[in-house]
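Undergrad: Just so you know, the protein sequences line up as chains Z and F, in that order. Mapping of the first sequence onto my numbering: position 116 corresponds to residue 116, and the numbering continues sequentially without gaps. Mapping of the second sequence onto my numbering: position 59 corresponds to residue 59, and the numbering continues sequentially without gaps.
I should point out that these hints are in silico values taken from the structure, not numbers from a laboratory. Some hints here could point you the wrong way.
Claimed, not checked - Partial list, computed: chain Z residues near chain F (C-beta under 7 Å):
| hint | residue |
| --- | --- |
| 1 | Arg121 |
| 2 | Phe123 |
| 3 | Ala124 |
| 4 | Gly169 |
| 5 | Val170 |
| 6 | Lys173 |
| 7 | Pro205 |
| 8 | Ala208 |
Glycine included, each C-beta is placed from N, C-alpha and C at the ideal position.
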Amino acid sequence: MAVDYATLKKGGFMRQKQKNNFSLRLRVVGGNLTAKQLAKIAEVAENFGDGYVHLTSRQSVEIPFIKVDDVENVKEALAQGDVEPGVCGPRVRTITACQGMAICPSGCIDTYALAKELDDRYFARELPHKFKFGITGCQNNCLKAEENDLGIKGGIKVDWKESACIGCGVCVKACRQNAITLKDGKITVDKSKCNFCGRCFKACPTDAWDTVNGYIVSFGGLFGNSINKGETIIPFIEDKEKLLKICDTAIKFFEENAKPSERFKFTVDRVGKEKFKEKILEAYNG
Amino acid sequence: MADFIIDDTVDITDVVCPTTFVKAKVALEELDEGQILSIKMNDGEPVQNVPRSIKEEGHKILKLIDNEDGTYDLIVEKVGDE
């Protein structure tokens, strides 16, 4: 029987240099694996692979040296440990995420919950070319949001709460954008400088800020043969439904306009940045 | 704003992160609940980050004073006694 490489690749089996061997990419969401999954992965690597795994650059796990004849047995064994094969090829790839506000003191959004939601909504969706989502919890950008076709960065929008302020001046120095001034006991925030990092709020001894946690989205990032930093073309997004609508719009634009094997950035460039921005702004304002 | 009486001072301008915070923390440990520590720190990274770390430890920040010589005094009231 001829080996159907396209189907195998879709199911996460990457053809190796060594004939009839595959490196099996697994489905990982937001960089988390349970102890049960890890135990099963270890067992499969031992029984069907070469006794080791490779950690990919995008938070996935690959088990190299899976034999073509074992593919079905391997899938079955993995399923017992709640592990599924991942995907390669022209579709929505692993949704990557940092640990976010559930774990990290710097986090401004629940990155893992969002990664799960995006994974449920889009994972493995067929598209003209690969499409990568990355979610980072704050301006520290540990997850490098702008490398992705669609990058999401958590932020905090602040409004000074005069009644709770003791005028200590900590926020003025905590702000790395020099957006805050304190004069005669009053705080002024230069909104044009604020990057939503939330450091003023996090450092404030009396929490004298009204806050909205939200999202900064970038489009068209690439970090392979061509390198491009994803661009932010819309303002701070305050609610998740709006964020999802914007993601839907971006994917739809890609689906409808991209040529086969054309990355998102090049589709936007070819069809027109203004045209894309118009669609995204419609979703933002609508 | 109410004035405060400083019970102790610590100078962390001679160390770098993360020792800045550690030195301040050790100084706070020497105090009793409600006592006030003045922490002298450099502009830049220390004044950006040390106040937040002190807050996260649960202490009460009262004031940040600009000494106008590239250093700041952070006035902290100790909360909790272990």
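Undergrad: Work down the list of hints and note, for each, if the structure agrees.
TA: A quick look at each hint next to the structure:
1. Arg121: 35 Å, violated
2. Phe123: At about 36 Å, which exceeds the 7 Å cut-off, the nearest Cβ of chain F leaves the hint on Z:Phe123 violated.
3. Ala124: 40 Å, violated
4. Gly169: Because about 4 Å separates Z:Gly169 from the closest Cβ in chain F, which is inside the 7 Å limit, the hint holds.
5. Val170: The hint holds - Z:Val170 has a Cβ within 7 Å of chain F, the shortest such distance being about 4 Å.
6. Lys173: 4 Å, holds
7. Pro205: 4 Å, holds
8. Ala208: 12 Å, violated
Going through the hint list in order, the structure does not satisfy hints 1, 2, 3 and 8.
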